[in-house]
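The listed protein sequences derive, respectively, from chains A and B. Going by UniProt numbering, the first residue of the first sequence is number 1, and it counts up by one from there. Going by UniProt numbering, the first residue of the second sequence is number 1, and it counts up by one from there.
Because the hints were derived from the structure by calculation, they are not lab data. Bear in mind that the values here come from a model prediction, so they are computed numbers and not experimental data. Treat the hints with care, as some may be off.
A pair counts as met if it fits within one copy or between any two copies, since identical chains are not told apart.
Said to hold, decoys possible - BS3-like, lysine-lysine: derived pairs with alpha carbons at most 27 Å apart: (1) K353 / K110; (2) K116 / K56; (3) K163 / K179; (4) K226 / K18; (5) K312 / K384; (6) K450 / K312; (7) K312 / K379; (8) K384 / K226; (9) K384 / K56; (10) K199 / K163; (11) K312 / K56.
Number of protein chains: 2
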Amino acid sequence: MREKDNDENVLEFEIINKILNGTKEEIEEEMENIHPVDLLEELEQYEGNPNDILKKLPDYYVASLIGEMEDEDKYKMLSSFSQQREENIISEMASDDLADMLGEVDEDVKEKIISKMDHEQAEEVRSLLGYEEDTAGGLMAKEFIAIKEEMTIEESVEYLREKAPDSETPYYIYVLDNKGILKGVVSLRDIIVAERNTKIRDIMNENVLCVPVDMDQEEVGRLFEKYGYMVIPVVDEHHVMCGIITFDDIIDVLNEETTEDIYLLGGLSEGETIDSSPFYAIRSRLPWLMINLVTAAMAASVVGAFEGTISKIVALATFMPIVTGMGGNAGTQTLTLIVRGIALDELNEKNTKQVLIKELIVGIVNGICLGIVVGIAAKLWVGKAVFGFIIGLAMVLNLIVAASAGYFVPVILKKLNIDPALASGVFVTTFTDVMGFFFFLGLATLFVEKLV
Amino acid sequence: MREKDNDENVLEFEIINKILNGTKEEIEEEMENIHPVDLLEELEQYEGNPNDILKKLPDYYVASLIGEMEDEDKYKMLSSFSQQREENIISEMASDDLADMLGEVDEDVKEKIISKMDHEQAEEVRSLLGYEEDTAGGLMAKEFIAIKEEMTIEESVEYLREKAPDSETPYYIYVLDNKGILKGVVSLRDIIVAERNTKIRDIMNENVLCVPVDMDQEEVGRLFEKYGYMVIPVVDEHHVMCGIITFDDIIDVLNEETTEDIYLLGGLSEGETIDSSPFYAIRSRLPWLMINLVTAAMAASVVGAFEGTISKIVALATFMPIVTGMGGNAGTQTLTLIVRGIALDELNEKNTKQVLIKELIVGIVNGICLGIVVGIAAKLWVGKAVFGFIIGLAMVLNLIVAASAGYFVPVILKKLNIDPALASGVFVTTFTDVMGFFFFLGLATLFVEKLV
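Throw the hints in and build the complete structure from the sequences for me.
Here you go:
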């Protein structure tokens, strides 16, 4: 039993030594107890030559190691072996891992790798390469178990004994007709519980949720979340079963999609990771900053239009960033809630009006609270009550703008079929900056005689 | 077969009619094809009295409906039934759903509900109520299948035929000793493939990853992600097996945790949802805005210190929000990357220095690019080259501050064991505002004679 705690690193350092010094049999037994993900971590920390360790591992284990790596690193590991070993490892790899790997290499390398597969595997991998990466087809694996409805439990068990070790998830068995069309599903539990001469037809569940090959991966992810399924079968336009998607692939998709939303809200492009090169990072971020610069210039030009007023009352320059800053923060609050609500499918036709009204109420109340505090502070600082009144009123008005912009910008982007997180932040703060400066400096200009 | 597409709403409207007009047998058969989540959605849209539908459904189905509801709504649904039916439904409910429901009701209601359970169920639920909600113990269910190592495959299959329909995930079967200590695991697949007289001991996998009852749910979530497991068993301090956590509970946890991060970055408290009341929303957001107000006042006081310079060159007021605004945006980019990197466990001891250096390079390069553009624009607007130089230099300096603050604030919070998303945004923009105003207005003051 392996309990996850802080002592584990001490234990795991032994793994590498056991592999280096073990016999073939000892290593085979040892590897049953080590998840490939853990060994990958060990290898990253290992200071010697990782090939010393890799060459002692069984082929099937190296295949699963490669399966757990980032797509762009898979081929590097594979190509570190001899030609013959490479072929052996390929034959142990799952079709979806192979397809992910081939998506990252040049055309000639791709053909070279495919030429090392047997006919069946090559065909599976080629068909997977035909699908867009971010669709159900791009996610699925070809390894699933299929039986016929006329089979008995006894025949099915016999068939499973032969086939089960090969497939990705031997918990559900799909029932197909002669044309490969998906008819139903049975679980291993159904098979264990049933009498030996029962026909599959009589115990199969005909109500299988399946997804078309071209469904977007984000939508597939939502279905997994919604129904809590472990596996979803994928079918083509004729309802012929093409593959299965398992929940562990989906956890990665869900992570990718939320990372994308978080990045877009923060003004980063989706491809960037913490380890990206400075060059990549600059290319990812500078365009956003340049867009921001244009919108900041718009806001600045509003200030510029009121330079005459500011030259009379310089304290306006001190207080104006407070009005716009608070507007930006309040707008971001509404925006964050709405973008996340859209991502989690919580904003629907029924509550859309109600949410808008709530946001407006929140904007008005928060605006009044902040307006009173800022107004009093400004009165104490500058000494003029009318100054306090102006900044307080500007704050209330700008928080209403903030609530409206935070709500409408993502909702409208969504209606236009654009990712609601994309550039939402820029739009919202542009609104709150432009309007914040306009309200505060405009009101000051109206009351300029009482302020000087 | 049920393929998810846009036509489904047309089909599903029939479900409610079928339930309303069907015989008991017809309904029982119909319900096999309808996932509780789908019926819940139908019920929400249904304009008639939902009780008309609920009273025709079998008890076990209502139990799973309640299991799929939000914790705070579970008891409302349960209490809409007669005393006798309530008792029947409770007996069909899973222990973790019951515990989640009881976590939301008053003490006397809790005791009333527990009194309706049989002895075994009451004990299970009581033990679950003893764990903190956000730990492994708070997530786990008590329904798992356990066998002994001396049993044969034949005996195990016999046992499974009796027990399997009751348990949450009948795919893994845990092997316990007489004291309840977890010794290993066998999958149904192992059982199907093995000879009938094999002992469980000989086929069980002794390398079971398990987690202690008090492990934080976020950490449990990371383990599911890392290993792609479907189920993880939970053990107490004596390694006695207490329950299992299944991946569908974990998808909710992972969603919760990312929502929390996104919210904190956007200045919202974790409990708020899109449907929260205005009162709740104000209570969630106003404190953040008030904190922001204090930090905005700090930045404003820097501007205030330079009012003398601004009164001489009013154009400074126009351009100063651009310097601070761009600093804030650049800081948020670095911050977003680091906070997400920490959440996904991508920032480790090995790359921490390298990431900091990268962020500084990116800050300098982006600062120079933006500085040149802004400098030229300012020169054209104001007509003085030195004005352009000052704002350009201030931009470079502030983007270095932005990169440093975006990196160090979350990293230091993390070291202090505080959620790195918490208040990070406020700290970072405070740094960039204060330093941005200071650099720009300070440089202007130094060169004031050349500017007037």
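Now the hints, each set against the structure:
1. K353 / K110: neither (53 Å within a copy, 36 Å between copies)
2. K116 / K56: Answer is within: at 22 Å inside a copy they meet the 27 Å cutoff, but 60 Å across does not.
3. K163 / K179: This pair counts as within: shortest intra-copy Cα distance 20 Å, inter-copy 37 Å.
4. K226 / K18: between (44 Å within a copy, 24 Å between copies)
5. K312 / K384: Both: 14 Å inside a chain and 23 Å across chains, each within 27 Å.
6. K450 / K312: So K450 and K312 pass the 27 Å test inside a copy (12 Å) and across (22 Å) alike.
7. K312 / K379: Intra 17 Å, inter 24 Å, cutoff 27 Å: intra and inter.
8. K384 / K226: Close neither inside one copy (58 Å) nor across copies (61 Å); limit 27 Å.
9. K384 / K56: Neither. Shortest intra-copy (82 Å) and inter-copy (71 Å) distances fail the 27 Å Cα cut-off.
10. K199 / K163: both (19 Å within a copy, 23 Å between copies)
11. K312 / K56: Classified as neither: same-chain Cα gap 81 Å, cross-chain 77 Å, threshold 27 Å.
Going through the hint list in order, the structure does not satisfy hints 1, 8, 9, 11.
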